[in-house]
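Undergrad: Okay, here's what each chain looks like letter by letter:
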Amino acid sequence: MARFTTLCRNTAALAALFACTLAVAAPPNYGVGHPATPEDIKLWNIDVRPDGAGLPEGKGTVDRGKTVYNTNCLGCHGLNGQGGIKDRLVGGQGSLATDKPVKTIGSFWPYATTLFDYIHRAMPYTSPGSLSIDDTYAVEAYLLNLNGILPDGATLYKASLLRIKMPNRDGFVPEPEFVHVTNSR
Amino acid sequence: MDPKDRDNTRDADDKGRVFGSNESSSKQRLFTRRKVLIGLAALPGAAPWVRSMADSLADVPPRGPGDLLGKYSERSKYVQISRIPEAGPGMRNVDPVNAINSKAPLDKLVGIITPSDLHYERSHAGVPEIDPAKHRLLIHGMVKKPLVLTVYDLMALPSVSLIHFVECTGNGWENWKKADENLTVQNTHGLVSCTEWTGVPLRLLVDMVGVDRQSLWMLAEGGDGAGVDRSIPLTDEILNDALVAYGQNGEPIRPAHGFPIRLIMPGFEGNLNIKWLRRLKFGDRPWMTRWETDRYTQLRPDGLATQFQLRMDTNSVITSPSGMMEVRPGYKRITGLAWSGHGKIAKVEVSTDEGRTWKVAQLNQPVLYKAQTRFQMDWMWDGKPTKIVSRSTDEKGNIQPDRKSFIARVGTNALFHYNAQQTWSIDSNGKVHNALS
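First to last, the sequence lines map onto chains A and P.
Position one of the first sequence corresponds to residue 1 (this note's numbering), numbered consecutively onward.
Position one of the second sequence corresponds to residue 1001 (this note's numbering), numbered consecutively onward.
Here chain P stands alone, though its shape is the one from the complex:
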């Protein structure tokens, strides 16, 4: 019998057993069962596909020959996973022409590595189409030997591959003043991602061109229309960590992320990781570019602005259950991501009672320096409304602040560097919503 026909003539009773039965009552029960299945399918969860369409092994389609092998392995047609282009805080579902960033689907990602095509993006003048054969990196200023390098020159040099997060300074900016309850974690925290970067250590280039020891700042400039440029302090930490990268997750960096070369500044503001890098100039003081005066500075309540707040602070967020998901009473695995520009994550604590008590979550390996760290915790939800929240501590002892003390310290006009604890409220129906605390 064709399995499809079999499916039409069989049904399950309320104990889950499968019987042959007369057609009319079978159809009725099938209708009821389909309603149940649709209900299950509609329950928004963490997986990027509808939850369940087969409640018996007999409903699972039979095996058979598959598609031809191809040059690329595409995602399954059943997987619905994508970034969301957005504009500023509260400006969602915008025309792509007006989008200034595109957020990573943190609720649908597993582990710590972001696939390159789902890595968040902030581009200041669109994505330039650069021919790598015509791209050049000029290194000059306070150096003995100013140099012009091709991408192939860089690829000929000794390289390193390191796993690091990159985070936009605007990450979290939806929740500065209020919490729109209908936001997902992709909306609230989708401006952070984590990939493997391959390239040449900055220190190697510094030594190669003979940077003057009096030079303590470096201007990095991109080849995009805006020519985005930032002054970078040459601390030991930055000299040890920074790369001029050409590879991301094992392949050439994709255009949206800086093809053919990009500066990688582990742990520091995303915009310092200059994409489409074409110039490094060494000097003895910062240049005070537009991006480090008018833009990526933080307005304080007294009207002054904090400048060169370059490091991304200790942060974490529960990605499941998170905004717009639904949970049922019983066992629920809580999982999420933690990261810090200060170094490794040392601890993540989770509260399931609105911050009154905290339990230490498990950190999944690997736990890497300036990389996303996956945490998880067992939880039995009793079905009563509550709020869940995570807080991370890094290896330097920095603790992610609660929102109240964070706002008391920073105010609500800073726009950038929001790293307060993220609270998700769960109502009696199991619906999860964005909340301030």
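So here's chain A without its partners, still in its complex pose:
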């Protein structure tokens, strides 16, 4: 046991030494991998940030979104975004400080961009990534409409999506440790 402990200590010390060495010395040319081309990156670069970085051009209407939703989403999320076997998507506003908080797109999600990113990358569950850009805009428009954030008949497109302030936009308090990230690199 003593030997094992010593071994572990040595491993930790070696790891620390290794990390320090890497921090000061230029790494050798390991000769592994190949450069990622812009075409490579385009295939996988799907993330969308709240400032609009990564949000593609496109558009969709609330009406079209209802059709897309009823075809692809209703089975899990229920008629009108409620009562399904998976996450409830609609309602719950004003419930967060009660004993029975209901977290939905309307009551909890802080960014419209996050909704676009998530629908586009992960939904529908059985065929993630299968919705076109325009249908992603459309189904988001429908969900925002059900939550009272977009009016009937509205069209959602890049610029209008970036103008949306979600009801719970100011509902998050970041952990102080990670508000201002620094490192010694």
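These are computed hints drawn from the structure, not numbers from a lab.
Hints may be right or wrong, so weigh each one.
Within a straight-line C-alpha distance of at most 20 Å, the following computed EDC-like cross-link-like pairs (lysine to aspartate or glutamate) qualify [stated by the list, open to error]:
| id | chain 1 | residue 1 | chain 2 | residue 2 |
| --- | --- | --- | --- | --- |
| 1 | P | Lys1396 | A | Glu175 |
| 2 | P | Lys1144 | A | Asp40 |
| 3 | P | Lys1145 | A | Asp40 |
| 4 | P | Lys1359 | P | Glu1349 |
| 5 | P | Lys1404 | A | Asp99 |
| 6 | P | Lys1134 | A | Glu39 |
| 7 | P | Lys1387 | P | Asp1402 |
| 8 | P | Lys1177 | A | Asp99 |
The following residues of chain P were derived to be distant from chain A, with all beta-carbon distances above 12 Å [as the list claims (entries may be wrong)]:
| id | residue |
| --- | --- |
| 9 | Arg1051 |
| 10 | Ser1056 |
| 11 | Pro1062 |
| 12 | Lys1077 |
| 13 | Gly1090 |
| 14 | Asn1093 |
| 15 | Ser1102 |
| 16 | Val1110 |
| 17 | Asp1117 |
| 18 | Ala1133 |
| 19 | Gly1247 |
| 20 | Glu1354 |
| 21 | Arg1356 |
| 22 | Trp1358 |
| 23 | Gly1397 |
| 24 | Ser1425 |
A virtual CB, placed ideally from N, CA and C, is assigned to each residue, including glycine.
Please arrange chain P on chain A, whose structure you already have, making use of the hints.
TA: Here is chain P on its own, set in the frame of chain A:
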């Protein structure tokens, strides 16, 4: 004489001596003895098999030639040990189709290492079947040299092997609002495990692609159906500790845990340890993904939610005696596990009188940085109902909170990051139950 026949013609008297005797009274006594043995066997304890079926050496089966040597060494057929697939809090015994996690059998594990097939699992869109030859890791964003790496490229690089716990942020969530008394420690705390991870230090990859010094956040994305992605702050601690791992407990990571490659983020939320890793993108701010807004945030009593509470706090639990076990008066070894995302465990204290007095438990070696630590303590149970509880302190001085002060601070809606002290009540019959405090 065949030992089986011998067993049928011999019996023990109440002093444990073995005599030959006439058949009828022998059968009667045998029946009585079997009842006693069944009683013993049914006493739920920590071992993953029935407790005892041989009260004399004469009852122990004879030696003989064994099975052929095989390619794998399977568990003994007598060992009953498995994970439990569950859904959300209170949603147990669910159809596997509806399970969202699978809990490790902490009550039946010894030491600090979790066997890979018993490591807890949380998967957000099932377990993808990935061909490692067709898997790629794309590293891009604020970097000088965006790269595509194969799994074999990663395995060619200098590696480290480190023992760390991984814990789901939902661990402990059964006890936020109430304590179902019929829960085991597997139900209450089975979303934490500890294994050896082998892989490439994140810092090596950061230097290799020339990450811009203005980049302070990294997006890590998985190759599962959900494409689970998290923004990771590039602190010195994370740059020093994180790995892109391909090995677990000496073999390729198993599919449920991220085959062929997984990000390991020692001490931080399980969901940051992105499984089936396929993309690292460097940027200057967090991405606000679904998983760091709608999901892994903690709702406070005032309706606001704490975000980026990434570190797993100081925690411990007594694994034996624990929920649904039975104990007898006399000597009882108390043992359990402690862990902290802040570093090493410095101390574990155990109370056997409902938290009135505390004794320092022994820490079994090795005690490692951001790893599970095994503790144990001698105890003589006097047979009177009581409650037992453990509390850990880490090397940074963080003390695991008692439930009352924890709930007073955090409320009951947070859902994640429950690390309050776990209390087990023991009734006059020795039955152990989950309790709030």
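Undergrad: All the hints need checking, so say for each whether the structure fits it.
TA: Checked hints:
1. Our distance criterion of 20 Å between C-alpha atoms is met by P:Lys1396 and A:Glu175, whose separation comes to about 18 Å.
2. Distance check on the hinted pair: P:Lys1144 and A:Asp40 sit about 16 Å apart at the alpha-carbon level, within 20 Å; holds.
3. For a cut-off of 20 Å, the pair hint linking P:Lys1145 to A:Asp40 stands: about 13 Å separates their Cα positions.
4. Straight-line distance between C-alpha atoms of P:Lys1359 and P:Glu1349 comes to about 5 Å, which keeps the hinted pair within the 20 Å bound.
5. For the hint pairing P:Lys1404 with A:Asp99, the CA-to-CA distance comes to about 18 Å; that is within 20 Å, so the pair holds.
6. With a C-alpha separation of about 18 Å, the suggested pairing of P:Lys1134 with A:Glu39 holds against the 20 Å cut-off.
7. With a C-alpha separation of about 14 Å, the suggested pairing of P:Lys1387 with P:Asp1402 holds against the 20 Å cut-off.
8. For the given pair, P:Lys1177 sits about 10 Å from A:Asp99 by alpha-carbon distance, which is consistent with the 20 Å threshold.
9. No Cβ of chain A approaches the Cβ of P:Arg1051 within 12 Å, the least distance being about 28 Å, so the stated non-interface status holds.
10. Here P:Ser1056 stays apart from chain A, with its beta-carbon at least about 34 Å from theirs, past the 12 Å limit.
11. No Cβ of chain A approaches the Cβ of P:Pro1062 within 12 Å, the least distance being about 35 Å, so the stated non-interface status holds.
12. Every CB of chain A is more than 12 Å from the CB of P:Lys1077 (nearest about 31 Å), matching its label as outside the interface.
13. Residue placement check: P:Gly1090 keeps its beta carbon more than 12 Å from all beta carbons of chain A (closest about 14 Å).
14. For P:Asn1093, the condition that its CB be more than 12 Å from all CB atoms of chain A holds, with the nearest at approximately 17 Å.
15. The claim that P:Ser1102 lies off the interface holds: its Cβ sits roughly 19 Å from the closest Cβ of chain A, which is beyond the 12 Å cut-off.
16. Interface exclusion of P:Val1110 from chain A stands, the closest Cβ pair being 14 Å apart, more than 12 Å.
17. For P:Asp1117, the non-interface assignment is confirmed: its Cβ lies about 23 Å from the closest Cβ of chain A, beyond the 12 Å cut-off.
18. Interface exclusion of P:Ala1133 from chain A stands, the closest Cβ pair being 15 Å apart, more than 12 Å.
19. The claim that P:Gly1247 lies off the interface holds: its Cβ sits roughly 14 Å from the closest Cβ of chain A, which is beyond the 12 Å cut-off.
20. The claim that P:Glu1354 lies off the interface holds: its Cβ sits roughly 28 Å from the closest Cβ of chain A, which is beyond the 12 Å cut-off.
21. Residue-level check passed: P:Arg1356 sits 32 Å from the nearest beta carbon of chain A, beyond 12 Å.
22. The Cβ of P:Trp1358 sits about 26 Å from the closest Cβ of chain A, beyond the 12 Å cut-off, so the non-interface label holds.
23. Distance check for P:Gly1397 against chain A: the nearest CB is about 16 Å away, which clears 12 Å, and the non-interface claim stands.
24. No beta-carbon of chain A comes within 12 Å of the beta-carbon of P:Ser1425; the shortest separation is about 26 Å.
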